[in-house]
Structure formats: C-alpha cells, structure tokens
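A.B. asks: Listed here are the chains, written in short residue letters.
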Amino acid sequence: MATTLSRKCTLHLGLLPILASCLLGAQACRAGLGDPAASVEHDRATLRGTALTVTSTAHYERHEITTERGGRVREYVSQTGTVFAVAWSGPVAPDLKAVLGSNYDAYVAAATNHRGSHHVFSMAGDNLVLTITRPPRGFRGMAHLPALLPAGTDPRSLR
Amino acid sequence: MINRLGLALACVAAMVLPACGGGSTAAPAFSGGIASNPAANTMPIVVDRGPSQLADAGLSTINTPFVTVTLCTPGSTTACQTIDHVALDTGSIGLRVMASVLGPGVSLPAVDDPASGRALRECAQFADGYSWGSVVTADVQLGGAALSSLPLHLIGDAAAGTAPSSCVSGPDESTVLAFGANGVLGIGNFVQDCGDACAASAIAGTYYACDTGGGASCQSTATDLGRQVSNPVALMSTDNNGVVIVLSAVPTSGALSTAGTLTFGVGTEGNNAVGVARFYTLDDAGTLVTVFGGLAQSGSFIDSGSNGLYFSDPSLAVCGDAAAFYCPAQTLAMTAVIQGLNGNSAAIDFTVSNADQIFATPDAAVAGLAGPNAAASGGSFGGFDWGLPFFYGRPVYVLFEKQASNGVTGPALAF
Numbered sequence: 478m479a480t481t482l483s484r485k486c487t488l489h490l491g492l493l494p495i496l497a498s499c500l501l502g503a504q505a506c507r508a509g510l511g512d513p514a515a516s517v518e519h520d521r522a523t524l525r526g527t528a529l530t531v532t533s534t535a536h537y538e539r540h541e542i543t544t545e546r547g548g549r550v551r552e553y554v555s556q557t558g559t560v561f562a563v564a565w566s567g568p569v570a571p572d573l574k575a576v577l578g579s580n581y582d583a584y585v586a587a588a589t590n591h592r593g594s595h596h597v598f599s600m601a602g603d604n605l606v607l608t609i610t611r612p613p614r615g616f617r618g619m620a621h622l623p624a625l626l627p628a629g630t631d632p633r634s635l636r
Numbered sequence: 077m078i079n080r081l082g083l084a085l086a087c088v089a090a091m092v093l094p095a096c097g098g099g100s101t102a103a104p105a106f107s108g109g110i111a112s113n114p115a116a117n118t119m120p121i122v123v124d125r126g127p128s129q130l131a132d133a134g135l136s137t138i139n140t141p142f143v144t145v146t147l148c149t150p151g152s153t154t155a156c157q158t159i160d161h162v163a164l165d166t167g168s169i170g171l172r173v174m175a176s177v178l179g180p181g182v183s184l185p186a187v188d189d190p191a192s193g194r195a196l197r198e199c200a201q202f203a204d205g206y207s208w209g210s211v212v213t214a215d216v217q218l219g220g221a222a223l224s225s226l227p228l229h230l231i232g233d234a235a236a237g238t239a240p241s242s243c244v245s246g247p248d249e250s251t252v253l254a255f256g257a258n259g260v261l262g263i264g265n266f267v268q269d270c271g272d273a274c275a276a277s278a279i280a281g282t283y284y285a286c287d288t289g290g291g292a293s294c295q296s297t298a299t300d301l302g303r304q305v306s307n308p309v310a311l312m313s314t315d316n317n318g319v320v321i322v323l324s325a326v327p328t329s330g331a332l333s334t335a336g337t338l339t340f341g342v343g344t345e346g347n348n349a350v351g352v353a354r355f356y357t358l359d360d361a362g363t364l365v366t367v368f369g370g371l372a373q374s375g376s377f378i379d380s381g382s383n384g385l386y387f388s389d390p391s392l393a394v395c396g397d398a399a400a401f402y403c404p405a406q407t408l409a410m411t412a413v414i415q416g417l418n419g420n421s422a423a424i425d426f427t428v429s430n431a432d433q434i435f436a437t438p439d440a441a442v443a444g445l446a447g448p449n450a451a452a453s454g455g456s457f458g459g460f461d462w463g464l465p466f467f468y469g470r471p472v473y474v475l476f477e478k479q480a481s482n483g484v485t486g487p488a489l490a491f
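These protein sequence lines map, in sequence, to chains A and B.
Here the first sequence stands for residues 478 to 636, where the numbers follow the numbering used here.
Here the second sequence stands for residues 77 to 491, where the numbers follow the numbering used here.
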C-alpha cells in the first residue's frame, strides 16, 4: 500500500505543495471523497483536468474539474474543509480510485458479487452512499458521506 | 448440468402448455416466437437461469436474455465453436466473449496497434467493475447472418495478462462467474463501443497497446474505428440499420423462463416493420428523459442488459439482504413517463415486487424486479434504467446512429 501511494504521488512532480504533503505521510497523500479541500487540486492533476471552477453556496463550495472530452467531476467541500461528496459525468470514466479516495475499497467490496446490472450500481451504507450508471455511451456517478453532509443540504442537489 | 440446461430449454419450448415445471407460464405476446424455419435475419432469445458454469457454482441469472453465437477462425468454415448464454445487451456495443469458454479448436488472431506494432487490448468499464482482454477478430455467425473478421473483445485471455492500473475500476469481471454470462452481444444504438473519442485520442480505461502479459507494459492508445469492438449488426451486409427485440409477456408472479426473437433491421423486411410503434430519439450517450416522482430525469435509458427497473423512490423499502433491490411488502403498480428528445412521450405502467420473495423462487423471468439507482437517502442523478421488465410483452426497435427509418434518424428507440 505504501508503495502504491508513493508511486501515485511522484507522478505529479509539478504539484510541489501536494508533493510536500505527500512526503509527510500516506495520510496526507490521499485525495478525493473524505479528504481535505487541498486534495481537489491533486485530483485535478490525477484526472488531467483542464479547468477548475469554484462555486460557493451557503453550505459548501463546489469545485468543478473539467476533464477529457467534455467530462466533469464536481467535488463538494464543506465549511470544515472536507470533500463530503463527489459527482461525475461525461464520455470518459474518471479514475474512481482518485475520485473516491479512501472510500474506493468500500465500493469494490460492495460491488463484488452483487446481483444487479453491469450498467447500474448503487449502495447506501451508513458510511458511503454511491450510485454509478453506465449508459450506452459515457458514465455518471455520485457519492457522498452521510456523516459529513452539511446540515440543510439535500443530497439530491449534489449532481 | 447438461441435463439441467436441457430441461430448461425443453421448458421454453413447452411454454404455451399450462404446466411447465411448476412455475407460471408466459403468454405468447406475438406470433412466430421461435419459428420452426426461422428467417435469416432472426435469432432466438431465451431468458433462463444462465450458463452452466453459474449453476455449477450454485448461482443463476434472472431477467437476462441470452443468445447463442458461433465463432470461427477467420477464413475457416470448420474451425468453429458455438457459444451459448451470450447476454443480449442493448446497453452496450460489440461482441465480448470469455476466453475461458473458447476451446482449442478456434484460433482468433490478435488485432494490432498500428502505431506501436504491439497487441491491442481493451478495458471495458462497467458500473460495477471492469473486464480486460485482447481485441481479436473472428468470423461470426448470428442466426442466418455471417460476418467476416469482426473485431471483438476476448475477455480474460492469457495473452492479455493483467490489466493496467488505469483500467482497474471496481471488481474484476473477467470470468464467467464474475460477469454472469459466457459473453455479451452489445447491439445498442451505436456502431463502435467507444467511437470517435477513442479514434481521436488515447483515453485511459479504453484501448491499450501492450506486450504479452499486459500490466505496466500497456499504454493507452488511440484506436481507429475499424479496429474498435463493433456492433456486429451494423456491419452486416443487409438489415443493418438496427434490431428488434421481441420477448413474450411474463406474469407479475414470474415465469421459470421465457423466450423471444432478435430480428436484424428496422423497417427493412416484412418481419421488422415498425407498425404502430412510435420513435423516441436519444442523445449521444444513448439516453432520454423519464419523468418520475415529479422529476424529469435526463440520463435515463432502456437496457436489455439490466435485469430490473432501476430508479430512485425513497418511499420504497430496500431489501435487507440484497441492497441492490426493492422489497415492498406487496407488489405495487406504478407509472412513469418516457420522453424522447423528439418530444414523443409515453406513460409506462410497471410493477415493483418484493425481490427477496422473487429470489426465493426458481423463476428467471420476473416483471416486478426493481431496485434503487440512486441511494435511498436521495438523489436523482442516475436517471431511470428501464431494464428487461420493460421488454416483456413489448417489442422494442433499436435504430442505430445515423440510420433513418420511418422519417426518424437514429439513435432512436421505438415501442
């Protein structure tokens, strides 16, 4: 695991602040859902995003990363500075390991041997709520951490 | 296991009889069914409990339509193998076959990546995992139609080795057991599985050029349309503008199995005339709009490869032991409205039954299987996935991209 994290970080040598934090330990190197707002920039690099647009609301900031061929990844950051939800759509799937961060393993565990469709996957655990759809072309997905959802935020509004 | 499969097929043939193994029988919703002398542009569909490998492991499929295809070594009429239980999927594009079901009698040559001279591999990413394997060519027989050197996805072959890390997305579904079928025949609205995007640039999670063994040797590569895994029907010499899927109706209580017909072409022959069906045009992702729960949900799709109706209704109870499905106390009747991009709309009645009770039966065809596609705590993002229950008793016409029929240009569906 440590080897994987190390390799992942050194792919982004241009991101000196992120790299510096990575060197401090594996915990700070993580990015994606459940991680600090600073990880959004790490994700933008990992996803080879071309633009980052930040929109503020009363309860959270929405960081929108524009990805390859018109795709987008939105990371929702709470006032406490944590990514509490992510949503993505576009013709190309984002790297779910980057987008879901440390929650990726929970997705893999839930998706293993599930009896549903290859085109829709949904889970609603106490710790992670996730839906992925795979229409004939393209991808859509949404995940959030119920425990970190800001008060007054309807998960339906996160898309 | 052969005996059990034989029984299942015999049961399908006897479907019009009142007693078929104790389950309910499906009423024939169309004439013809599996004809004794089928037209060249048709192939039979069966909805049963799935391939023998699943049964051997104590598993089975539900609401999964299967066809049988024949693969031959390119140029040969004798080095061939017939493969049963290939899932019929309007939600994907191209033929994919599990390498483990191919015997040594068929030799499928690898497609190369011309830029590097290395072998072309593919990563197929799904909502619940991924499949990895080589791009190869085969001569393919689909019913009475033959295709020469079709590019297809050979999943889990030894030469492809391990998937590169950028392909890995969820669980590995490169085996019959993990995938739930011996292969998949994707006959959705498009010609290639990726299309112009992958022809224009190298995209992670799609096509790769690799050395034997795969892994870190693989690099994403742009792949021209002719090398991409492609919809076999679109490459046929005739009846190539779309398909029609006709499945018998099944009762709400379910049926052990059911059957139907896949017909090539839309409005090209007497047996694929559109008749009274209306067209609903789709966007470039193959999706349309469904109005349900007071929300107009874009990103909705009609998909024979989904085994249930997947939609968000926070008022419905999710099953305790099968969180992918709904478990209402009693079967509910519901309605949603499908809207095409061309403005046509249709109100669709459907039922939601208790999935735990469905799974306690041996039934493989059940109209009331449904589950959440957005988490129970809310969310409308995923749209409405109209899986196989939508097809029971309702002929569905799939018009391919850039093809015209009855004054409509695809991608479009008619029903």
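If you are wondering where the hints come from, they were derived from the structure by calculation, not from laboratory data.
What you are looking at is a predicted structure, and each value in this text was computed from that prediction instead of being measured.
Note that beta-carbon positions come from the ideal geometry of N, C-alpha and C, so glycine has one too.
Fair warning: there could be bad hints in the mix.
Claimed, not checked - Okay, the calculated bits of chain B under chain A, using three or more residues with CB under 8 angstroms as the criterion:
1) 194 to 207
2) 238 to 251
3) 275 to 281
4) 305 to 318
5) 421 to 428
A.B. asks: Now tell me, hint by hint, if it's right for this structure.
C.D. replies: Evaluated hints:
no.: 1; hint: 194 to 207; in the structure: holds (count 5)
no.: 2; hint: 238 to 251; in the structure: holds (count 6)
no.: 3; hint: 275 to 281; in the structure: holds (count 4)
no.: 4; hint: 305 to 318; in the structure: violated (count 0)
no.: 5; hint: 421 to 428; in the structure: violated (count 0)
Going through the hint list in order, the structure does not satisfy hints 4 and 5.
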